[in-house]
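A.B. asks: Protein chains in written order, with this note's numbering: chain A, 1 to 294; chain B, 1001 to 1424.
What the hints contain is simulated information worked out from the structure, not anything from laboratory work.
Glycine included, each C-beta is placed from N, C-alpha and C at the ideal position.
Hints are not guaranteed to be accurate.
Keeping only pairs whose Cα atoms sit at most 27 Å apart, straight-line, the calculated BS3-like set for lysine-lysine is [stated by the list, open to error]:
hint: 1; chain 1: A; residue 1: Lys45; chain 2: B; residue 2: Lys1219
hint: 2; chain 1: B; residue 1: Lys1134; chain 2: B; residue 2: Lys1375
hint: 3; chain 1: B; residue 1: Lys1184; chain 2: B; residue 2: Lys1134
hint: 4; chain 1: B; residue 1: Lys1264; chain 2: B; residue 2: Lys1241
hint: 5; chain 1: B; residue 1: Lys1082; chain 2: B; residue 2: Lys1184
hint: 6; chain 1: A; residue 1: Lys45; chain 2: B; residue 2: Lys1082
Listed next, the stretches of chain B that the computed footprint assigns to chain A, with coverage defined by at least 3 CB atoms under 8 Å from CB atoms of chain A [what the hints assert, rightly or not]:
hint: 7; segment: 1061-1072
hint: 8; segment: 1081-1094
hint: 9; segment: 1109-1121
hint: 10; segment: 1274-1284
Anything over 12 Å on all C-beta distances counts as not near chain B; from chain A, calculated [to be verified]:
hint: 11; residue: Phe11
hint: 12; residue: Leu83
hint: 13; residue: Gly97
So you can see what is in the structure, the chains are spelled out below.
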Amino acid sequence: MRRTQGAAYLFLSPWIIGATLLTVGPMLASLYLSLTDYDLFDPPKWIGLDNYRVMFTEDDRFWAAVGTTVRYVLFSVPLKLVLALAVALLLNRPRRGGGLYRSAFYAPSLLGASVSLALVWRAMFASGGTVDRVLAAVGITTGGWVDQPQYALLALVALAAWQFGAPMVIFLAGLKQIPRELYEAAAIDGAGPLRRLVSVTLPMLSPVILFNLVLETIHAFQAFTGAFVVSSGRGGPSDSTLLYTLYLYQRGFTDFRMGYASAMAWVLLVVVAGVTVLLFRGARGLVFYAGEGR
Amino acid sequence: MLERLTRCCVRAVAAATVVAAAATTLTACGGESGGPTTLRFVWWGNEDRANATKAAVAAFEKLHPDIKVETEYSGYDAYFQKLSTQVAGGAGPDLLQLDRATIGEYEHRHVLADLGGMGLHLDKIDANLLAGGKVDGGQYAVPAGQTTQMLVFDPARFTAAGVTVPTEKGQSWTWAQFTDAITKVGAGGVAGTTDFGWAIDWFEVWLHQHGKSLYTEGKLGFDAGDLRTFWTLTGSLRDRKGVTAATATTKMDGSTQNSALVGKQSASEINYDSSLTGYLSSYGAQLAAAPLPSDGKDTGMAAMPPVSFAVSQRSSHKDAAAKLLDFLVNDPAAGKILGATRGLPPNQDIRTQVCGAATGANKAVCDYEAAQRDKVGPAFGAWPTGSSAIKRDFQRTYDDVIFGRISAADGAERVVQNAEHSLS
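One chain only, chain A, in its complex shape (with noise of 0.2 Å):
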């Protein structure tokens, strides 16, 4: 028995060391240094919870950040959903080349975190850019929406929710999961589409639909590149894409302040953990799992 265990443990220690090297031991390390005033290149020094106190109360930067963050997440996890069902819905019917517009739609995913990809966001929303002149040309002047405090973070919410294939493709996985024999019973009862979408569909899909949630705000709080990328790394114009991540970068690497970056992280990992937690609470009598029977 114990050899065995011992067997059972050889085996699994590259993924135990991994585990310790790359991800306990850089989150302690971490931990120690939001505790710490830490420049990068002199050793930290102690401060207790100094950062998190001047984070609270006393930041102002910080708190718009957090705004800017929610009203980010708020806005581009439903967009982006909404997009991927509904894309989802149409490509779920046997068609001729539906491989070709999954993979169409998913391509966008694949590009996600890429610079270059924010880099062609950024020319098509400046002024005099792709989406300006269209506007302008059915009479909609806004200027370039990257250069204006008020549409900035909309040409950002556009850039998240352009890239819905991979939720799509999870929609899809799970729409393939449905019995048919269900929308055939629904149909003898005489339901219409619609009726058949919010009866049959939605609630043998809710699973799916949580997790997609649940991955989504996930990701929208962490978002970083795309607004990295469009405001040259300064959040700007007038802050108004300063997202979290992107102010803890600039703490952390910009003003040197490594201490209070980590603590920042440290506040995003609880918030995000939290936000999850209630997440799955609030959606347990909302969503029906097949196998528990119910």
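Position chain B relative to chain A; hints supplied.
C.D. replies: Quick look at chain B alone, frame taken from chain A:
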């Protein structure tokens, strides 16, 4: 199946969250050994500067076959974002370019090597200029050139608006003439000048014209009232299209790529003359340079290093890095190749030689500097630690002002408050 999918993935999600938090403590690693010495040399700037610097480095490599130099350059913001990450991760460059706002920051954090006793030849560099690289009594940086402020403008746009432009070398507009000129140009559609309220550097000149300075002995040399007056001036010009709209001003970072003048959104712009070669190549040779507007005898301008070179304290090839630095600053061949891409050469002998043979864009810089020689003051001292945060806060707050999110008066108060915090 679905249930399993959900269950499994909850764990995956939790793991992903954890990894994301841990990722913020990322450190990089690097370094190599054996074979010929390999140096890394990094700077920021435009294509012009990059091409000249690479050519100078190639000349250095030919002279020193045992030293290989890897070069890297980018825009200003990206440069410093990358630099701090690399230095912290132990993968910093050996030779690096810094400016006034950052020499103190990096020296204070023990990143820079004291260049005294490294065999550098600094006797041909003007003492006033050298002072720009002195911190805490040590020479931590060497000026890579000499520059002064300038107003670069397109004469055709001004004459088309019926305004006379300064033609005599070294002649400047008075403030009244200038505001009148730019509002007349602005009436034609293109703003008269790029809004100059964005940069603390131009505010510094304005302060000097009023007998004050940005910093005196590590403390702020101005109060919120001064800044309010300055920003009220630019604000009144914006309403009349004398200066650029907020959407153009917010992109400014001193580079020619993001310049409103180069983007044809304004007819003139304030910058350092070390950028003149960049303006001439990206806008066109018709541009002219004049001193900044001023009312009194004091132009408020100064001869100063646009950028400086420093050697990393953590470099394992400090001597080779110092050799390259010495070559870039003192070698006649390097001087010829580099021209005026970092302002005029800091070495007096090479400056005479370069300017004597200069043509085109380099000649424009030499001519402009020659015309200013008796009008500019000694170099402003190196900025204190905390000044790069102040510089960024200045621009960020001005963004809030030009987009109407805060009044010029409240913005000025905020800059002063935050600055005092950064300096303490």
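A.B. asks: Hint by hint, say whether it matches the structure.
C.D. replies: Checked hints:
1. Lys45/A / Lys1219/B: holds (25 Å)
2. Lys1134/B / Lys1375/B: holds (24 Å)
3. Lys1184/B / Lys1134/B: This hinted pair is violated, its Cα atoms lying about 44 Å apart.
4. Lys1264/B / Lys1241/B: The hint holds at about 14 Å.
5. Lys1082/B / Lys1184/B: Violated: Lys1082/B and Lys1184/B sit about 43 Å apart, past 27 Å.
6. Lys45/A / Lys1082/B: Holds: Lys45/A and Lys1082/B sit about 24 Å apart, inside 27 Å.
7. 1061-1072: The restraint on the segment 1061-1072 of chain B is violated, since only 0 of its residues have a Cβ under 8 Å from chain A and three are required.
8. 1081-1094: With 5 residues close enough to chain A, the hint holds.
9. 1109-1121: With 3 residues closer than 8 Å to chain A, the segment 1109-1121 of chain B meets the three-residue bar; holds.
10. 1274-1284: violated (count 0)
11. Phe11: Per Cβ check, Phe11/A is outside 12 Å of chain B; nearest 20 Å; holds.
12. Leu83: Consistent with the label, Leu83/A stays out of reach of chain B, its closest Cβ about 21 Å off (over 12 Å).
13. Gly97: Holds, since 28 Å exceeds 12 Å.
Figure legend: structure checked against the earlier numbered hints; hints not met, in rising order: 3, 5, 7 and 10.
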